Every structure is written in C-alpha cells, then in structure tokens.
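Going down the list, the sequences are from chains A and B.
Note that the working numbering has the first sequence beginning at -17, numbered continuously upward.
Note that the working numbering has the second sequence beginning at -17, numbered continuously upward.
Hints were generated in silico from the structure; no laboratory data involved.
Treat the hints with care, since some could be wrong.
Identical chains blur together in the list; that is why a pair holds if it fits in one copy or across any two.
[Said to hold, decoys possible] Heads up, simulated SDA-like pairs for lysine to any residue below, C-alpha to C-alpha not over 20 Å straight-line:
no., residue 1, residue 2
1, Lys25, Thr5
2, Lys25, Glu57
3, Lys(-5), Val55
4, Lys25, Val61
5, Lys30, Glu62
6, Lys(-5), Asp35
7, Lys25, Leu50
8, Lys25, Gln(-11)
9, Lys30, Glu17
10, Lys30, Leu(-6)
Bear in mind the structure is a predicted one, so any value in this text is a computation, not a measurement.
There are 2 protein chains.
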Amino acid sequence: MRIFRAQAYVTLKEGVLDPQGQTVQGALRSLGYAEVDEVRIGKFIEIKLEAQDETSARRAVEEMCERLLANPVLERYRVEIEEDGA
Amino acid sequence: MRIFRAQAYVTLKEGVLDPQGQTVQGALRSLGYAEVDEVRIGKFIEIKLEAQDETSARRAVEEMCERLLANPVLERYRVEIEEDGA
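Using the sequences provided together with the hints, build the complete structure.
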C-alpha cells in the first residue's frame, strides 16, 4: 500500500445563497475593503490515506465526498491527489 | 480597475489539534474507510475583487487574511489570484 494526500475542495454550487460569505463580505466592507464584490466560503479537506494507486485513492476520496464530506444537492467538489513524499 | 478572483486557503498550522478533522475521520472510519490516516479541515474562500493589477489584488487579499479571514496564531494561509475572464 502507498500513502497519498488528497485535497478536496467543497464549494456551494452557483446560485446557492451563501450567508456566511455575505457576512464576511459585510465585515470586509466595514473594514474598508470596498473593492470586494463577492465572497463565497467553502471547505478545504486534507485527507491522508493508504491506497494501492492514485486511481483508487481518487475513487475512494470522491466516494467520501459523495457520502459524507459534501452535500451533492447544494455543493460541488473537486479532488486533487498526490503521493506522500513523492 | 480590473476584476480578479482570489482563492484563499486557510489551514491549521502543523501541530495544532483539529477536533473537526478528528470527528470527520471517525465518521469516515465508521463508514468503513479504515484506510484514512488523518483528516484536517480548512477553509476555502473565494473573493471577487477590483484592483489595479495582480500584485495589488494579492496584497489586498493577504491583508484581509491577516486581519479577518485567518487567525495568524493558529492558522496559515495561501492565496492564489487569477484575472476574471482571462
């Protein structure tokens, strides 16, 4: 088994309201950053896992996103994989 | 003024306990993913902003990270900038 590091980016789909992002945008504006047009907040999940190869590591992490890490109705996700120590 | 899209990744520093990540790891294990060694959870912040050029866009977003988006004591951040529509 080899060790991989996966990075999963989970973001709200286009068109889904992001109240947390709006709150941060308001806070940035009140700090004086009037140049900010939009803020959207997502999750960034780093997973260290064992797998036979990169393909099966990616498949496992995509399945984790579908089952637990993301809500496929509202969110989309993107997975990047690299071998640990490679 | 030009429009830029910034992506800021905010993660806990090495050595800082991540209870949210540990909880997710436990949930993944109870779903059968015994191959998961570690999970760490961070924030992924997308900011659309106006700036004169890429350098000043990056400087503004790094300052936002220092002042609001990250806690520099516990977290580190990385910023990527691209021009909108480029």
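The hints, checked one at a time:
1. Taking the closest pair of Cα atoms, lysine 25 and threonine 5 come within 20 Å of each other both inside a single copy (16 Å) and across two copies (15 Å).
2. In this assembly of identical chains, lysine 25 and glutamate 57 lie within 20 Å of each other by CA distance both inside one copy and across copies; the values are 10 Å within and 15 Å between.
3. For the identical chains of this complex, lysine -5 and valine 55 are intra-copy neighbours only, at 9 Å inside a copy versus 32 Å across copies, given an alpha-carbon limit of 20 Å.
4. Both within a single protomer and between protomers do lysine 25 and valine 61 lie at most 20 Å apart by alpha-carbon distance, with minima of 12 Å and 15 Å respectively.
5. Taking the closest pair of Cα atoms, lysine 30 and glutamate 62 come within 20 Å of each other only inside a single copy of the chain (12 Å); across copies the shortest separation is 23 Å, beyond that limit.
6. Neither within a single protomer nor between protomers do lysine -5 and aspartate 35 lie at most 20 Å apart by alpha-carbon distance, with minima of 30 Å and 28 Å respectively.
7. Taking identical chains as interchangeable, the C-alpha atoms of lysine 25 and leucine 50 lie at most 20 Å apart whether they share a chain (13 Å) or sit on different chains (17 Å).
8. When the C-alpha separation of lysine 25 and glutamine -11 is checked against a cutoff of 20 Å, the pair qualifies both within a copy, at 10 Å, and between copies, at 12 Å.
9. For the identical chains of this complex, lysine 30 and glutamate 17 are inter-copy neighbours only, at 9 Å across copies versus 38 Å inside a copy, given an alpha-carbon limit of 20 Å.
10. With identical chains, the CA atoms of lysine 30 and leucine -6 are at most 20 Å apart between copies only, with a shortest distance of 15 Å across copies and 24 Å within one.
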